[in-house]
Amino acid sequence: MTEPLVARHSLEYPGGYTRSVGDVVGRYLTGLRDGRIEGARLADGRVLVPPTEYDPLTSAAVSVDDFVEVGPAGTVVTWSWVANPRAEKHALDRPFAFALIRPDGADTSMLHMVDVATPDEMSTGMRVIPHWRSDRIGGVSDIEAWRPYKDGDPIPEVPPLPFSENMGASVTGIVTSGRLDYEISAGESTTRFLLGLAEGKIIGGKAVGSDDVYAASRGTDPTTGAPTSISVDVSDTGVITTFCIVNIPGLSDL
Numbered sequence: 003m004t005e006p007l008v009a010r011h012s013l014e015y016p017g018g019y020t021r022s023v024g025d026v027v028g029r030y031l032t033g034l035r036d037g038r039i040e041g042a043r044l045a046d047g048r049v050l051v052p053p054t055e056y057d058p059l060t061s062a063a064v065s066v067d068d069f070v071e072v073g074p075a076g077t078v079v080t081w082s083w084v085a086n087p088r089a090e091k092h093a094l095d096r097p098f099a100f101a102l103i104r105p106d107g108a109d110t111s112m113l114h115m116v117d118v119a120t121p122d123e124m125s126t127g128m129r130v131i132p133h134w135r136s137d138r139i140g141g142v143s144d145i146e147a148w149r150p151y152k153d154g155d156p157i158p159e160v161p162p163l164p165f166s167e168n169m170g171a172s173v174t175g176i177v178t179s180g181r182l183d184y185e186i187s188a189g190e191s192t193t194r195f196l197l198g199l200a201e202g203k204i205i206g207g208k209a210v211g212s213d214d215v216y217a218a219s220r221g222t223d224p225t226t227g228a229p230t231s232i233s234v235d236v237s238d239t240g241v242i243t244t245f246c247i248v249n250i251p252g253l254s255d256l
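Just so we're on the same page, my numbering is the position in the sequence shown counted from 1, plus 2.
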């Protein structure tokens, strides 16, 4: 039996993953950049924070005309302590809590960090207030973290944004950096197929008692579920059955 091939791969978008955000999410991110938390009021009166483009219960479209400001204070609904944050994974370089926080006036919660020194300072139901960054760009990281808050205390001022030519413009897109490192074990049928390619041939497989040959790698017959345990060398010529045209150039074509 051939030992399955194991390979390590990395998926990363050079320069970050770029996407447009649309009117609803764009309105929410614009509010964060400007130092406020906004939610969408749905037809039944619920306020959704963060807002989605559709009501999760009715699928009705959400309108930016129904946005309301919430908070800034909120309540911890539940939390989990991070004792050993990792520099490449977490935004804070010290122990903190991940928490679901329901801003005042909202009916849903948002996931964020609470900046306290020990888990003894955390509790479900505790009151918190956002600590805003001064270099806000329109994202959830514009809130550096939430901190404990006592009702009646003064609301901290939001730091002013540095001057920018885009001040006042709506947020229309985001760029997110990310990298995924993963390991894949090819399995017996895929290993057989890949080793065949290395030798310059195409190897398919079929199940016992079947005349249907499947290539490339398919571990089971899709009609019966039987293992395709019999190897079959197939021709290196064939017929196009379907195709698509790629209009986006690859990195090597830029």
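In short, the hints are calculated from the structure, not lab data. In this text, a Cβ means the ideal position worked out from N, Cα and C, and glycines have one as well. Keep in mind that a hint or two might mislead.
Label-pair ranges, simulated between beta-carbon atoms [as the list claims (entries may be wrong)]:
#, residue 1, residue 2, range
1, Glu159, Tyr56, 30 to 38 angstroms
2, Pro87, Ile157, 26 to 34 angstroms
3, Gly170, Gly17, 24 to 32 angstroms
4, Ala45, Thr243, 25 to 33 angstroms
5, Val70, Gly17, 29 to 37 angstroms
6, Pro229, Glu71, 35 to 43 angstroms
7, Asp25, Lys152, 31 to 39 angstroms
8, His11, Gly47, 22 to 30 angstroms
9, Ile186, Gly47, 27 to 35 angstroms
10, Pro87, Val248, 39 to 47 angstroms
11, Ala228, Val66, 48 to 56 angstroms
12, Val248, Leu59, 33 to 41 angstroms
13, Asn86, Gly127, 25 to 33 angstroms
Consistency of beta-carbon spacing, Gly47 to Ile186, with hint 27 to 35 angstroms: 48 angstroms, violated
A range of 29 to 37 angstroms was offered for this pair. Does it hold for the Cβ distance of Val70 and Gly17? Between Val70 and Gly17, where Cβ atoms are some 36 angstroms apart, the hint holds.
Return holds or violated for the Cβ distance of Pro229 and Glu71 against the range 35 to 43 angstroms. Distance hint for Pro229, Glu71 is violated at roughly 60 angstroms.
Do the Cβ positions of His11 and Gly47 conform to the proposed distance bound of 22 to 30 angstroms? 48 angstroms, violated
Satisfaction of the hinted span 25 to 33 angstroms by the C-beta atoms belonging to Ala45 and Thr243: With Cβ atoms ~47 angstroms apart, the hint is violated.
33 to 41 angstroms as the expected CB spacing between Leu59 and Val248, which holds or is violated: 39 angstroms, holds
For the range 24 to 32 angstroms, tell me whether the beta carbons of Gly170 and Gly17 fit it or not. 26 angstroms, holds
Holds or violated: the 26 to 34 angstroms window for the beta-carbon distance between Pro87 and Ile157? For Pro87 and Ile157 the Cβ distance comes to about 28 angstroms; the hint holds.
Distance restraint evaluation - Asp25, Lys152, Cβ atoms, bounds 31 to 39 angstroms: At roughly 37 angstroms between Cβ atoms, Lys152 and Asp25 fall inside 31 to 39 angstroms, so the hint holds.
Please test the hint of 48 to 56 angstroms on the beta carbon pair from Ala228 and Val66. At roughly 54 angstroms between Cβ atoms, Val66 and Ala228 fall inside 48 to 56 angstroms, so the hint holds.
With respect to the beta-carbon atoms only, verify the hint that Pro87 and Val248 lie 39 to 47 angstroms apart. 40 angstroms, holds
Do the beta carbons of Asn86 and Gly127 sit within 25 to 33 angstroms of each other? Since Asn86 and Gly127 have Cβ atoms about 26 angstroms apart, the given range 25 to 33 angstroms holds.
Violated hints for the displayed structure, listed by number in ascending order: 4, 6, 8 and 9.
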